[in-house]
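Sequences listed follow chains E and L, in order. Counting from 71, one number per residue, gives the positions in the first sequence under this note's numbering. Counting from 72, one number per residue, gives the positions in the second sequence under this note's numbering.
Because the hints were derived from the structure by calculation, they are not lab data. A portion of the hints provided could be inaccurate.
[To be verified] If you only want the chain L side, here are some residues facing chain E, beta carbon under 7 Å, derived: (1) Pro106; (2) Gly138; (3) Gly174; (4) Leu184; (5) Val345; (6) Leu348; (7) Pro352.
Ideal Cβ placement from N, Cα and C applies to all residues, glycine included.
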Amino acid sequence: MDPIVLYIATLVFFWFVYNIQTWGLNIQFGYTGLLDFAYIVFFAAGAYFTAASVLGAPPIGMSYILGFGWPFVASLLLGAVVAGLMGLLLGLVVLRRLRMDYLAIVTISLGTIAYDVVSNEAQLFNSYTGLLNVPPPYNDVLQLDPGVYLVVYTAATGAVMLAMWFVANRIYNSPFGRALRAIREDVDVAGAYGKHTYVMRMTAMVVGCVFAGIAGALVVGFIGAINPAGWNTSETFLVWCAMLVGGRANNLGSVVGSLLVPVVFIEATRYLPDIPGHPELILAGRNIIIGALLIAVVMFRPAGLLPERKRRFYEIPLRTKPMEATSSVNID
Amino acid sequence: LTVFWLSIGFGVITASVLSLAAVGLALQYGVTNYPNFAYGEFLTLGAYYALLFNSVLHLNIWVSMLGGALLMGATAVVLNVILLRPAEKMGLSRPYLLIVTFGLSLILVNTVLATWGPETQVYVMPFQEAFAIGPVLVTVNQLAIMGLAVTAMIAIHILLTRTKLGKAMRAMSNNRVLALACGINTDRMTTVAWFFSGAMAGLAGVALAIDTSSFSPTFGGQFLFVIFAAMILGGLGSPYGAMLGAVVIGLTIEVSAVFINSALKDDVAFAILVLILLVRPQGLFNLAGRIS
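Please model the complete structure; the sequences and the hints are all you need to start from.
This is the structure:
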């Protein structure tokens, strides 16, 4: 197959996967206002558990848990469930009665810890080398040429993505989604209206994590390997950046954002020539731009490129002139 | 048992480093009322600034440490003036402020990476023989770090309780609007808090680098959660709580290294953090009542 087709199919695949991730983060931060700075950890959880359960018992020289030799779809579900469970555990610790700072602090810590543990505990997921040689899902049945398979797999990912798109939008438009947005605006007011804010925030947290887990599983099926270098913290920034650039709480915006930031920007800078003797400069420069973009969007266009379309409600105009406020004190 | 005593010794040194870092973070958190997620990178930057004095200007390590700390304090003030204060003045809501400091951490760590490269760095300092104090083995440098931490803690205590500046900072930490109404220049106090926070981060960064004998661009960021654990243990934004939290966390992680894979000893701090959040989220000694 034409290499250009393969290249474009690969880009489209990663675009699809970033869409899923961005929607997941959107459910957490966009809809509900949860600051999850360890989003990539849930992606990694999905990827690792899927890979480890697709693979058979560890060969000599490798060590990892599970090794069930399950079919891919079952493994993907396992990965998604594990990612969701991790979100649940995290929520149990920080969502009950603590203010948002704690969630941010704990997720940042979780990012460092997860990386540390997976890298150093060889028994878990084969440390730095990671899991390798995950077979392309179902190609033993399909027997396709690798190029054709790549396109087919991308198409299958697209189908999964459409299902996730449906779920994400369904949540947004449901009464539950409306309650989530109320929680985002003011958690106490939402509570005063009888919404069980703890359960609702927890649900949003878990659903967002499941999105990340599914994205991780899909990537493992595509590239056939996962190791700690594939999910360092800068990946979390990428998803955040994509979500905020596209537009908070706007799923279509997320699609645009994940096309612009992780796909177009990263691909465009991938082929820049290395500066002789300083191979890290391009990488560092790229991350600096991502960080600056994140800050710039937040400061100058917090609603993003495609702002959320907030529903407007018609207000009945007052007939009588409102009474002049006489006893108000201006605090500021 | 010897191993146990040795680990106590290490624990005291880690606690010293941690107390410098945690108090610096708590000072700024208390005054500005939002956490700084780029604080780990402040440590890194402080260590690299000191490297500048140490290996380029060939200064003594302790002079370099002071230079690094002052430079880091100045950097923190600049960051506040060009980035965080405008962000606050623009009326950014809290989550967005946290995202700004989060983005800042990515920028800083990669600036260090681009400037100094990914290599592991060491300071130029004479080799020191460890000697025994009772059952504990220490080097002169480690003793100096302990002395520095104790001095800094006493200095911070005097600053907060005996000077007008410190009292103003405490007033701001308690109630910003009321402090403003009392004629406290809150902008200037915030600048001072950022300076102290940065300078303490610089001291802590260099001390950590001396203690672990080498450092790289990511070493401060990886230490951040330990600092947060110490600060939360003592109560958010409370400098005294942070001191105590540092002692508890420092001793615990070093003693735990006797029992578990020592590459994972810092992760014990995370376990403590989770435990504290579940059992007593306001911290052991919540002086200022900073929980909402």
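Holds or violated: the hint that Pro106(L) contacts chain E, with Cβ atoms closer than 7 Å.
Since the shortest Cβ distance to chain E is 6 Å, the answer is holds.
Min Cβ distance, Val345(L) to chain E: is it shorter than 7 Å?
holds (5 Å)
Would you settle whether the hint for Leu184(L) is holds or violated, based on the nearest Cβ-Cβ distance to chain E being less than 7 Å?
holds (4 Å)
Regarding the hint that Gly174(L) lies at the interface with chain E, is the smallest CB-CB distance below 7 Å?
With Cβ-Cβ at 4 Å, under 7 Å, it holds.
May I ask you to test the interface hint for Leu348(L) with respect to chain E, counting a Cβ-Cβ separation under 7 Å as satisfied?
holds (5 Å)
Given hint Gly138(L) near chain E, where the shortest CB pair must fall under 7 Å
Cβ of Gly138(L) sits 25 Å from chain E, so the hint is violated.
Does the nearest C-beta of chain E fall within a distance shorter than 7 Å of the C-beta of Pro352(L)?
Constraint on Pro352(L) satisfied, holds at 5 Å.
Checked against the numbered hints given earlier, this structure breaks only hint 2.
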